[in-house]
Structure formats: structure tokens, C-alpha cells
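*Asks:* Each chain, letter by letter, is given below.
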Amino acid sequence: MLGSIPGSGMAGDPAPVAVAEAYRSPGRQSMRRFLAHKGARIGLLMLVAWLIMAAGAPHIAPYDPDALLGKARLAPSLTNWFGTDQLGRDVLSRVIFGSRISLTLGFVSVFFGLVPGVVLGLSAGYFGGWTDTLISRLIDAMLAFPSIILALVIIATLGPGIVNVMIAVGISSVPEYARLVRGSVLSVKAQPYVEAAWLVGNSSARIMFRHIFANINGPLIVFTTLQVGNAILVGAGLSFLGLGAQPPTSEWGLMSSEGRQFLQRAWWIAASPGLAILSVVVAFNLIGDGLRSGFDPKVRSR
Amino acid sequence: MTAALLSIRNLTVRFHGERGETVAVDGVSFDLNAGETLAIVGESGSGKSVTMLAVMGLLAKAGVTADNIFGCGRNLLNAGDVEMRAIRGRQIGMIFQDPMTSLNPVLTIGRQLTEMFEIHLGLSGAASRKGAIDLLNLVGVPSAGTRLKDYPHQFSGGMRQRVMIAMAVACKPQILIADEPTTALDVTIQAQILEILSGLQSEFGMAMIMISHDLGVVAGIADRMLVMHSGRIVEQGLVDDVFANPQMPYTRSLLAAVPRFDLETEMTP
Amino acid sequence: MQLYVMGRIVQLIPVLLLVSLIVFLIMHALPGDPATLMLAGAEGGMTSPERLAELREQMGLNDPLVVQYWHFVSGAATGDLGNSIRFREPVLQMILSRLDSTVELALFGLLCSLVIGVPLGLLAAARQGGWIDAVCMSLSYLGASIPVYWLGLMMIFVFAFNLGWFPASGGTSWNSLVLPSLSLGLINAGLVARLMRSSMIEVNGEDYMRTGRAKGLSPGLLLRRHGLKNALIPVVTILGLQFGNMLAGTVVTETVFSRPGVGRLVVSAILSKDYPLVQGAVLFLATVYVTVNLIVDIIYAWLDPRIRYGR
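Chains as they are written, first to last, in the numbering used here: chain A, 1 to 302; chain B, 1 to 269; chain C, 1 to 311.
I should point out that these hints are in silico values taken from the structure, not numbers from a laboratory. Just so you know, these numbers come straight off a predicted model, no measurement behind them. Hints should not be assumed to be uniformly reliable.
[Stated by the list, open to error] Each pair of labels, with its calculated beta carbon distance range: (1) B:Lys130 <-> A:Asn215: 54 to 62 Å; (2) C:Asp207 <-> B:Gly17: 51 to 59 Å; (3) A:Val163 <-> B:Gly17: 52 to 60 Å.
[Claimed, not checked] Below 35 Å or equal to it, Euclidean Cα-Cα: the simulated DSBU-like pairs (lysine-lysine) are: (4) C:Lys229 <-> B:Lys61; (5) B:Lys130 <-> B:Lys172; (6) C:Lys229 <-> B:Lys172; (7) B:Lys130 <-> C:Lys229; (8) B:Lys130 <-> B:Lys149; (9) C:Lys229 <-> B:Lys149; (10) B:Lys172 <-> B:Lys149; (11) B:Lys61 <-> B:Lys172; (12) B:Lys61 <-> A:Lys38.
Glycine residues also receive a C-beta, built at the ideal position from the N, C-alpha and C atoms.
If we strip away everything but chain A, and leave its shape as in the complex, we get (with noise of 0.2 Å):
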């Protein structure tokens, strides 16, 4: 215990010292750590690839997803890598324009849940009181729901639609982005250097802000990073049952569907799109694990 704060006069308090190496450059930091994960690397090449498939679906795609190509159902072959549908169109172009569809889903749904989800959880935390008791009550009502079922009710009203479904699985997301933000507000406000500001009046707010802004930044981004991918899993399974994409869109979970009467003949229609979400959220996945041990050191040695 000697000496360990060297010139210093406030004695006893190691705190400021601790804060100020921990803030030196966190982001590089995390990055650093964040590469440094073979998963993530993995992760990131899958997403880039994908994000560029979607990007030059036209020039990438061998044919016009929606051109009828005369032969339906045929096996996967060197003309055909996936087959054709059971109209005959190309099922790895249509796979690959899919993309555009599944990828931007996952980020606005994420919007429409981490915006009114951050205000909900900033104003619970930061007000207090009754204010907090009105929210918080709401976001356990809504925890209630299995999160399906949230964007089920969401669909009923607005009718089906991918737009519809974007909104729905995001509203649903909303619950879960308020507690993590209501509870890391709470537990910046506990510390005793903001809770010294908050008595003395002195900018408790901005202090308490930048706070809120350091702790919560790095479980939000993960917990994003996972949940673009789990709402491109709950938008496809959405346009599977009919309630998202509707034909002839090149959707994943809607070709599914499509080709789930032709599984026994034709297995590739129903098959293909599968894997092309599984790829997309196993990367999404793979990142946010990868992003959760770069803010968290803690977290890798698990």
C-alpha cells in the first residue's frame, strides 16, 4: 500500500489516477483487443463479403433474379451453382439480392429499436422517480410478451409487409435497449464522484452524461452488433409465415417458404437461403462476441 500514489496530496484515493489510465485511448484500446479475437476476424471478412455481395448484387449475381431462365427445379449445377426455383429463376442470384433485402432490415430494425429504446432508459435513469416507475412498469409489460409475439401484435395492426416487419421487430427490441440503458444510468449515478457533483449542483448533468456515455457505449454496440443479427433470424422467420416480403421479392425467408412445397424434389430452393442467413448472423454473432471481449478484457479469459 506504500507509495502507491506518488506525489500525491489527496491521500487514500487512487480513483482519479486508475480513471485517467483506463481512458488513455479505450477505443484503440478495444480495438486492439477486438482483432486481436480470431472469431471476430472471421466475423468481420463474413460481414464485409456480404456487405459487398449486397452492395453489387447486380454486377455479382450471374443472372437477373426475377429473368424466368425456361428450366424450373433444376439441380444445383456449373450454370446454376443453387438451382433454379420452382419458376425456373436462378436461386444464387436470387440469394444474393436477398441480401440487400435481410441486411437492411437488420439495421433499420435496430434503429427503430435502439432510438426510442436509448430515450426511453436515459429518461428512467436520469429522472427518477415517477418517471422511472411509469417506464420501467412498461418495459417489464413488454418483457412480458416472448419477443415474437411483440412483433406479432405490431404486424396485426400495421398488416404484413418487409417495412412493416422492420418497424415490428424493432419496436420489440425496444424493452431490452431501455433496461440496459436505465440500468447503466443507475449505476453511473451511483458513483460516489457523480453523486459528489450531483449534491454540490455542479453540471451534474453534463458530468453525469459523459459518464453515462463511457460505461454504456461499449455493452450497447454489442448488444446492437447481436441484435442486427437476431432481427434478420426473427424478419426472415416473419416473411416466412407470410407476413413480410411478398412474392415475387427475392426475400430469404420468403423463398423458403416458397420452396418448402418442392423440398422433397427440389431441396436447394428451401435450402439455399437458409445457409445465407446463417452465414450473416453467425458473422454478426461472431462480432459482437469479439466486440464484448474488446471492452471487456474480463470476458476473454472465460
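With the hints as your guide, set chains B and C onto chain A.
*Replies:* Only chains B and C this time, still in chain A's reference frame:
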């Protein structure tokens, strides 16, 4: 020469960590005679506890080497798993430092006591229940009969340590190892626990190894003492001799540190 | 213990009220008139004003929202969830007649996830870094990333069409339950395994496990009597969540395997814009979910005496 109850020759324990190999115990040799109390003192990290865990066979075998570990009439160094299990708890009982975490939180005290009779003595049902009640009475847990149904979190720290002691001596072992049994307890409770330990020792005729960094505890209870420092024994002898005439500088500094347990002297470096 | 259970049941009431309010508000306050939408969907878009007015009256849409909500909640409390527009049958009856199949599927799915996940997690904990550990990790990634419907389809393709071991769809016999519950279970088994693994590793490092070893317990007995119960506590806490996942999963799985259940009923009700049916079924599912979570909390308290006695 009368054979010692426990005889250790050149015990070495190595741990393989992320930063290479560390030697926790470095060539330790000592004997424990029947009926005596041997204290092992030293600061934390000096290898006291690790030595005892090695004797109990509770460390990974690969890291433990010795010329000889002989105890309770057996060669403990080469004993198989089954043989070691029959010795642990039956021939050698052990008490740990923190009674708060050393008892299983989801099993009743009764269950944790009776299983000693069950696995080592083949008793069950009413017989083991009676044994458990007798044990709790012995270590001074009031209304033992009803408390068997209670869970550890319903006991105070001192009471939990009494239960730990009851468990360790359940099968009347020849050797009782107490690893800092009073460190985590209030000062007032410490004296009671030590009293129980020495009472049980004379009643059952056990030899006891008391690990401690508290020389006050050692002076009160032990016959002989070993002083350990960075994995080695730096001094040993009768407690009175060591206290009166410490040979090694490290022992002298340990003894010199004793009066500084009150706050004011500790503040001055 | 009884006091604890009573307390938890009382806490349930406000949550359920809020749940009903959320369902009600989403169904009524969002843009879009249910009656119009329903006519557009169910009756081919021929929206005559008379039919619309009639329907609005029938659905009570002309009453103030508060009155409508009161009708909904007081009805729900007495088991009256209204009538399906399309089938003209009481909603509750329709749900109850399909409930067996759904609960069966969710429970067997849960069972599959535990039967696969728990031993796998224990083995992975015992052999950290070994191949079982790798399987456990991969399964948890795949489970979190595979669409349930797709796994179901692939299982039908392999085990029903090609191997012919189980029926592809429908049916009421036990073997028609195997593929759906296995696909639900596999999706969640990885999560269970991963949790079991980390929990077991943590428990193995606890002081009381060292005490158990020092007492001379055999590794098997130590694991069974001292380790498992402690390690299962975190797994039990997510059982409620898991059951929710299963319930949500049945919505998709019942469609894939053409099982007549509540999940499929909800989907078809949404597609046919049968609002009372959607509203009632969703409220019902949420109630089941909340109740199951309550039961899980009680099991948790039973496992962990520290909670049972209020710490």
C-alpha cells in the same frame, strides 16, 4: 526412533501459469508427532496452505514432487485416488479459512454433516443424524437438533466455523489441519474457536497443524512452530524457544511486527 | 415459502393489466381502423359503408377507448375473449382446443434443449479446451444463428423424406412430435450448454467444492450432490426465458410441420385480419409466458434457500 504421524521430505510444488512456472513450495521437510500441535506461520503467499493442500492430495499431481510424504501409516505421495479419498476426512480432517464460502449454500447443515458418516463409516439414517447432533453439541452449536435442518446462510460466521470444525472431526481423524481458522472471524469469536479446537484435540487425541499468520494465536495453542518464507522453512523449533530467541532475521521481523497490530504504530512506516 | 409464492402471485396482477393494455392499445390506437382493415382483408375489399358501420357497432368501435378497454379486460378476466370474426366461435374455446398441441411441443422442445444442453455443458466444463468444448461452442453459435423454420425444413428433408423415420407433418402420434421438438430444442440447446459450462466451471472453483474434496467425497458424488444443484441455479433462471423462446418458436414450427396449435392460429388470424382472435390469442400467450416465469421463480427459490428465506 518413533515414527512420526506425518513425515514430509523435500516437498516441492510448482504451478504453471501464464507467465511461466512459479515455485510455491520449495523443498519443505518436517515431521508431525502424535498429539502435538504444530503451527506453520508466514505471510500470505509463503506456501503454508499450498503445503497442506499437497499433503491432502488436493493439487494437480503433475506439480507436486517430494522425496517422501508419509502419513497415517501410508505413503501418501503414491496413494491412488480411492486410497486418498479414504484418508481425506477420515484420517486427516481439514478446516478452511472462510466459513462463509466453505459450506455448500444449497444443502442443509445436517446433510453436510451426515455425509461424513455416510461415506467414511457407512452409517445412515438415525445413526448418522444422532452423530451429527452430538457433533454440533460438541462444538457448542445451541439447539443442535433443530438446527440440522437449517442452511449455512442462517448461521453466523462463528457458528459456521463451528460447523466446519464439526465436519472435520466427525470421523475422529488422527490429524486435523486448520488453515487460518480464525482469520475471517471477529476477535471475540476467535478465542472461542481456538478453545474448541484445543478442547477437541485433547479429547480425541489428534495431532493438529495450525496455519496462521497471527503469532498471538500460535503462542496460545501450538507446541512447535515452523516459519515459512517464499516457499521455504526458514526456522523451526519449540514455540517458546522461537519466541524467546529467534534465529533468523525474517522471524525477528515477524515477531517485531506483532505489537504493531494496533493502528497507530502501523501508520508509521 | 408460501408467503413468497403469494407475494409473487400478487405482483403478477399489475403486469397482466399492463400487458392487456399494451395489446389493446396497439390493436386500437395505431393508425388504421380495424373494421376497415378487416373488411378489406376478409371480405375481398368490398367495403360498403353499411357493412362497415354494422361491423363497427358489432366490434364496439363506436364506444370511447376507455369503455372498449374495460369491456376487453373485464371480459378477459372472466374468460371471455370475444368471438372470432371469421369462425364466429368464442376465442378462448378456439385457443383451448389447440393448446394441448402447443404446450406439448413447447415442453418437449424445452426437454430436448435440456437433455442435450445440460450434459454437453457438463462435459465441456470437465474437459475445457477439448473437442466436446468445441462442439458446445459451435452449437451455441449455430443455435443462435439458424432460422428455426429452416432447421425444421432440413430435418423434414433428411429424417422424413429420405430416411422415412418420422412423419413430415401433422399427426397426433408421439413420433410426429419428434422432429418439431428436436428442431426447437437444438436451436436452444447451445445456449443451455454454454451457460451450464460456465456455471459449472465457476462452481468447481468455489470453496465449498474444495471442502467437499477435503471431506473425501468421490468426484461423482461431489458433482451430483454439491456441484450440480449450485450449477443448475443460473440455468433454471433462464428456463422461463427458454420457455418463452419455445412458445415463440412454436409460431413458426407449427407452420413448418403443419401442427394445429395456438401459434399457427395466431398467424392465420393475422393473415385473415381476425382482430379479436389475434388480440385474445396474444393476451393468452403472454399470460402463459408470465405465469411460466412465475413458476420458474418459485423453482429457483426452492433450489436456492437464500432466496426462499429472503436472504
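*Asks:* Please go over all the hints and tell whether each is borne out by the structure.
*Replies:* Hints, verified against the model:
At roughly 57 Å, the beta carbons of Lys130 (chain B) and Asn215 (chain A) sit within the given window of 54 to 62 Å. Separation of Asp207 (chain C) from Gly17 (chain B) is about 21 Å and departs from the stated range, judged on CB atoms against 51 to 59 Å. Here the CB-CB span from Val163 (chain A) to Gly17 (chain B) is close to 55 Å, well matched to the stated 52 to 60 Å. With a C-alpha separation of about 28 Å, the suggested pair Lys229 (chain C) and Lys61 (chain B) falls inside the 35 Å cut-off, and the hint holds.
A C-alpha spacing of about 15 Å is found between Lys130 (chain B) and Lys172 (chain B), which places the hinted pair at or below 35 Å, so the restraint holds. Note on Lys229 (chain C) and Lys172 (chain B): the hinted pairing holds, with a Cα-Cα distance of about 29 Å set against a maximum of 35 Å. Distance check on the hinted pair: Lys130 (chain B) and Lys229 (chain C) sit about 26 Å apart at the alpha-carbon level, within 35 Å; holds. For the hint pairing Lys130 (chain B) with Lys149 (chain B), the CA-to-CA distance comes to about 13 Å; that is within 35 Å, so the pair holds.
Annotation: proposed proximity of Lys229 (chain C) to Lys149 (chain B) holds, straight-line Cα distance about 17 Å (limit 35 Å). Taken as a hint, the Lys172 (chain B) and Lys149 (chain B) pair is honoured in the structure, with Cα atoms around 23 Å apart against an allowance of 35 Å. As the CA atoms of Lys61 (chain B) and Lys172 (chain B) are separated by approximately 27 Å, the hinted pair is consistent with the 35 Å bound. The hinted pair formed by Lys61 (chain B) and Lys38 (chain A) meets the criterion: a straight-line CA distance of about 33 Å does not exceed 35 Å.
When each numbered hint is compared with the structure, a violation occurs for hint 2 only.
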